[in-house]
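Kindly generate the complete structure, drawing on both the sequences and the hints.
Just so you know, the protein sequences line up as chains A and B, in that order.
For the first sequence, position 131 matches number 130 in numbering that gives the first Met the number 0, and the numbering has no gaps at all.
For the second sequence, position 248 matches number 247 in numbering that gives the first Met the number 0, and the numbering has no gaps at all.
There could be a bad hint or two in this list.
Capping the alpha-carbon separation at 20 Å, the derived lysine to aspartate or glutamate pairs in EDC-like fashion look like this [said to hold, decoys possible]: (1) 151(B) / 74(A); (2) 8(A) / 18(A); (3) 76(B) / 15(A); (4) 151(B) / 137(A).
If you anchor each label on the Cβ, the simulated ranges turn out as follows [stated by the list, open to error]: (5) 161(A) / 249(B): 38 to 46 Å; (6) 77(B) / 202(A): 46 to 54 Å; (7) 244(B) / 137(A): 37 to 45 Å; (8) 96(A) / 240(B): 37 to 45 Å; (9) 102(B) / 99(A): 53 to 61 Å; (10) 98(A) / 128(B): 45 to 53 Å.
Calculated directly from the structure, the hints in this document are not laboratory data.
Model, not experiment: these values are computed from the prediction.
Each residue gets a CB set at the ideal place from its N, CA and C atoms; glycine is no exception.
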Amino acid sequence: MPGEILRVKNLNVVLDGEEIIKDLTFEVKERETLIILGPNGAGKTTLLRTLMGLNPYSGEITWTTKNISYLPPQELFQRKELPPLSIGEFFGFKKVSSEKVLNIFSAVGLDPSLLKRRFGAVSTGQFQRMLIAWALVDKPKVLLFDEPASGIDIGGQETIYSLLHQFWQDWNLTILLVTHDLNIVWEHATNVLCLNKKNLCYGPPREVMTPKTLEEIYGTGIKFYEHRHN
Amino acid sequence: MEFILALIIGLFLGGAAGYLGTLMLSQRMALVAGPLGHLTLPGIALALIFNFDVSLGAFPFVILGIFLIWLFEMNTKLPMEALTAVVFSAGVAITFLFLPEEKAVPALIGDISQINLPATLISVILSLFVFFVTKKIYPQMILAGISEDLAKAQRINLKRYHFIYLLCIALTVSLGVRIVGGLMTAALVAIPACAARNVSVNLIRYSYGGLLFGSLSCISGMVVFRFTGLPIGPLIVIASTCFFLISLFFKK
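Here it is in structure tokens:
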């Protein structure tokens, strides 16, 4: 029976006088993949940042591990106006052995020759895989990932999610993902948290992702087709 | 003897300023050294009037300037560059109310005639301090430049690092006004960093390239000064600009 890894109780976040998250309570167990859904401005990114201690809050956030890795949305990374930093030097900031870096590169399917390339001078898909490698190189127990597939084409998105799924299976990783993509929920989520400033649904997707809930989150006109594969 | 001491200062301070400049350029703060240099002018004026070390006069005014910019930034929604413009303009205006005309030129474009052994020793020690401290904070500051959240998630105390970084800038500017004057301190940090960026493919070459170009610029400018007697500050800046122009031919 997996133990609890995160407990959030009566969480409230107010930024610049605006209430962003209201009275949120949920918990995450080890080896769970929690997908956080919600429209723009629902507080998804704020929630992840708050869980990392990057926002002031009231309420309780209790982690049972300190071994947590966090990846902000790709748009928040400065890629253009950077000094001539190589990807290898970027990994040097983590102070891990080059053997570990090569292993993680192999695990995410990146060629080691990329380590000599300039940070930012790679495709969006390679960049996102490189970020996953950065986040996982020191073997965290939990990965918080904000919009893993933003800016990536459909084929690339599938690769990213499959990669995360593989790490979840092989490394007993607990994953908290923020996404706008409803399609990945059925395939990858063990639990889903629907957020629009407050908790609108929380639980296994098949139980809580009803048309009524989706309408409550996104407004009218949202329909969801579940594809079952054998 | 004064010239040898000036060369020693140029070697160490030019290198430290160039190295720090590479970090400032990556934080898009290379031009901040200019207004901060202007802020030193009231301190330089006092030092020239009361005959004490110009760097000693400059330092408290840079610190005061940084504090005022920080204070205004906390209490207004105005961007840092706008507030820097407000503070440095006021600094320049105050200077020219009190600075005697004959003292204005050395304050603005540098003067090495007053250099002595204690001033050289202090400059070398502080330049080494700036270099080693900058080296220590370099990875964390670069990471913060890529993504502040990523850096904070690595438990990097950015406020502390920013404070140390600003202190290094203040020290470099205060030391730099001695050789290039209050008008051209930005050149000490910005131009070597730009030249280094042109010829670098990775961070290590870039940062040490800045150090090398900074030292070479100061020494070259001083050597030309020795033979021509032209003002030293502009000569250092022109030497630095020449290295930048040469670097364009080796652009990576």
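Results for each hint:
Distance restraint check for residue 151(B) and residue 74(A): the Cα-Cα separation of roughly 17 Å lies within the 20 Å cut-off, and the hinted pair is therefore satisfied. Proximity of residue 8(A) to residue 18(A) is assessed by CA-CA distance (about 16 Å); at most 20 Å being required, the pair is judged to hold. Restraint check: the Cα-Cα separation between residue 76(B) and residue 15(A) comes to about 13 Å, which is no more than 20 Å; the hinted pair holds. Between the alpha carbons of residue 151(B) and residue 137(A) the distance comes to roughly 17 Å, so the proposed pair stays at or under 20 Å and holds.
Between residue 161(A) and residue 249(B) the beta carbon distance is about 43 Å. The supplied range of 38 to 46 Å therefore holds. For the pair residue 77(B) and residue 202(A), the beta carbons lie near 47 Å from each other, so the given range of 46 to 54 Å is met. Remark: the range hint 37 to 45 Å for residue 244(B) to residue 137(A) is upheld by a beta-carbon distance near 44 Å. Taking 37 to 45 Å as the suggested C-beta distance range, the pair residue 96(A) and residue 240(B) conforms, at roughly 43 Å.
For residue 102(B) paired with residue 99(A), a C-beta distance near 60 Å keeps the hint of 53 to 61 Å intact. A hinted range of 45 to 53 Å for the beta carbons of residue 98(A) and residue 128(B) is inconsistent with their spacing of about 36 Å.
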